[in-house]
Amino acid sequence: MKRLLIIEDEKELALSLESHFFNLEIETRISLNGEDGIKQYNEFKPDLVLLDINLPLKNGWEVCEYIRSKSETPIIMMTARDSEFDEIHGLEIGADDYIIKPFSINVLSTKVKKILKLNSQTIYSYKNLIYTYRDEILKIDNERVSLSVREKDLLEYFIKNKNKPLSRSNILLEIWGMDNEFDERASDTLVKRLRKKLGSYEELIGTVRGVGYIFEEK
Numbered sequence: 005m006k007r008l009l010i011i012e013d014e015k016e017l018a019l020s021l022e023s024h025f026f027n028l029e030i031e032t033r034i035s036l037n038g039e040d041g042i043k044q045y046n047e048f049k050p051d052l053v054l055l056d057i058n059l060p061l062k063n064g065w066e067v068c069e070y071i072r073s074k075s076e077t078p079i080i081m082m083t084a085r086d087s088e089f090d091e092i093h094g095l096e097i098g099a100d101d102y103i104i105k106p107f108s109i110n111v112l113s114t115k116v117k118k119i120l121k122l123n124s125q126t127i128y129s130y131k132n133l134i135y136t137y138r139d140e141i142l143k144i145d146n147e148r149v150s151l152s153v154r155e156k157d158l159l160e161y162f163i164k165n166k167n168k169p170l171s172r173s174n175i176l177l178e179i180w181g182m183d184n185e186f187d188e189r190a191s192d193t194l195v196k197r198l199r200k201k202l203g204s205y206e207e208l209i210g211t212v213r214g215v216g217y218i219f220e221e222k
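Using my numbering, you'd call the opening residue of the sequence shown number 5 and step up by one each time.
Each hint should be verified, as a subset may be incorrect.
Said to hold, decoys possible - Within a straight-line C-alpha distance of at most 30 angstroms, the following computed DSSO-like cross-link-like pairs (lysine-lysine) qualify:
| no. | residue 1 | residue 2 |
| --- | --- | --- |
| 1 | 74 | 15 |
| 2 | 196 | 105 |
| 3 | 74 | 201 |
| 4 | 105 | 62 |
| 5 | 118 | 200 |
| 6 | 105 | 74 |
| 7 | 143 | 74 |
| 8 | 143 | 168 |
| 9 | 222 | 200 |
| 10 | 196 | 143 |
| 11 | 166 | 201 |
| 12 | 143 | 131 |
| 13 | 168 | 222 |
| 14 | 196 | 62 |
| 15 | 49 | 117 |
| 16 | 143 | 200 |
| 17 | 200 | 117 |
| 18 | 164 | 6 |
| 19 | 43 | 117 |
| 20 | 164 | 200 |
| 21 | 143 | 164 |
| 22 | 105 | 118 |
| 23 | 166 | 200 |
| 24 | 117 | 201 |
| 25 | 105 | 6 |
Unchecked claim - For each label pair, taking beta carbons as the anchor points, the in silico distance ranges come out as:
| no. | residue 1 | residue 2 | range |
| --- | --- | --- | --- |
| 26 | 14 | 132 | 45 to 55 angstroms |
| 27 | 20 | 188 | 29 to 39 angstroms |
| 28 | 196 | 73 | 17 to 27 angstroms |
| 29 | 141 | 20 | 34 to 44 angstroms |
| 30 | 140 | 177 | 14 to 24 angstroms |
| 31 | 84 | 39 | 14 to 24 angstroms |
| 32 | 130 | 66 | 36 to 46 angstroms |
| 33 | 19 | 211 | 41 to 51 angstroms |
| 34 | 15 | 171 | 37 to 47 angstroms |
| 35 | 60 | 222 | 42 to 52 angstroms |
| 36 | 188 | 48 | 29 to 39 angstroms |
Derived from the structure by calculation, the hints contain no laboratory data. If you're wondering where the values come from, they're calculated on a predicted model, not measured in any experiment. Every residue gets a Cβ at the ideal spot worked out from N, C-alpha and C, and that includes glycine.
Please put together the full structure from these sequences, using the hints given.
So this is what it looks like as structure tokens:
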């Protein structure tokens, strides 16, 4: 059973989400502040974290940075603030998705299910770069490279559409779906993160002026 940690200081909302995801057969635990959220994260070892930004004791940014310093556990940020800064900053520090309150529980469920879903069983290889879909593992020069769930989604999307120019808007739609809260600069932020992880293979992701990006083997 997959594990979900909800870090949310609105107790009624947290309990409602806990009940909903428990009914979807997802083992769920809640925390009502940032400090306890970090404690629960270390003890519970979740497969996904739903993280509010405006938390007492430690805010969501601090908790996100802590989690990302320890692992690539997927993180969905939740906030009542419809702010472009929040969106971009969350991605920059390692969040995988973002949802604005009040939100539809069905929209949130779709995001959660997509992140927790297993992928296909094929392998992509180029020179000394190997990506295994089933295990979601990237290796470069036989060294494992840690990727967040959205970085994996983006790499798979690029591989599937190799040699095709992809617009920023199409990347947004593919990675975050129709109900995403981001503008197109979110695509740039995620591409920047993935390029950094690819290291000497960052040139695989080219920039197409006025369009977006293209994944090409050089």
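Of all the hints numbered above, which does this structure not satisfy? Sort the numbers upward.
none
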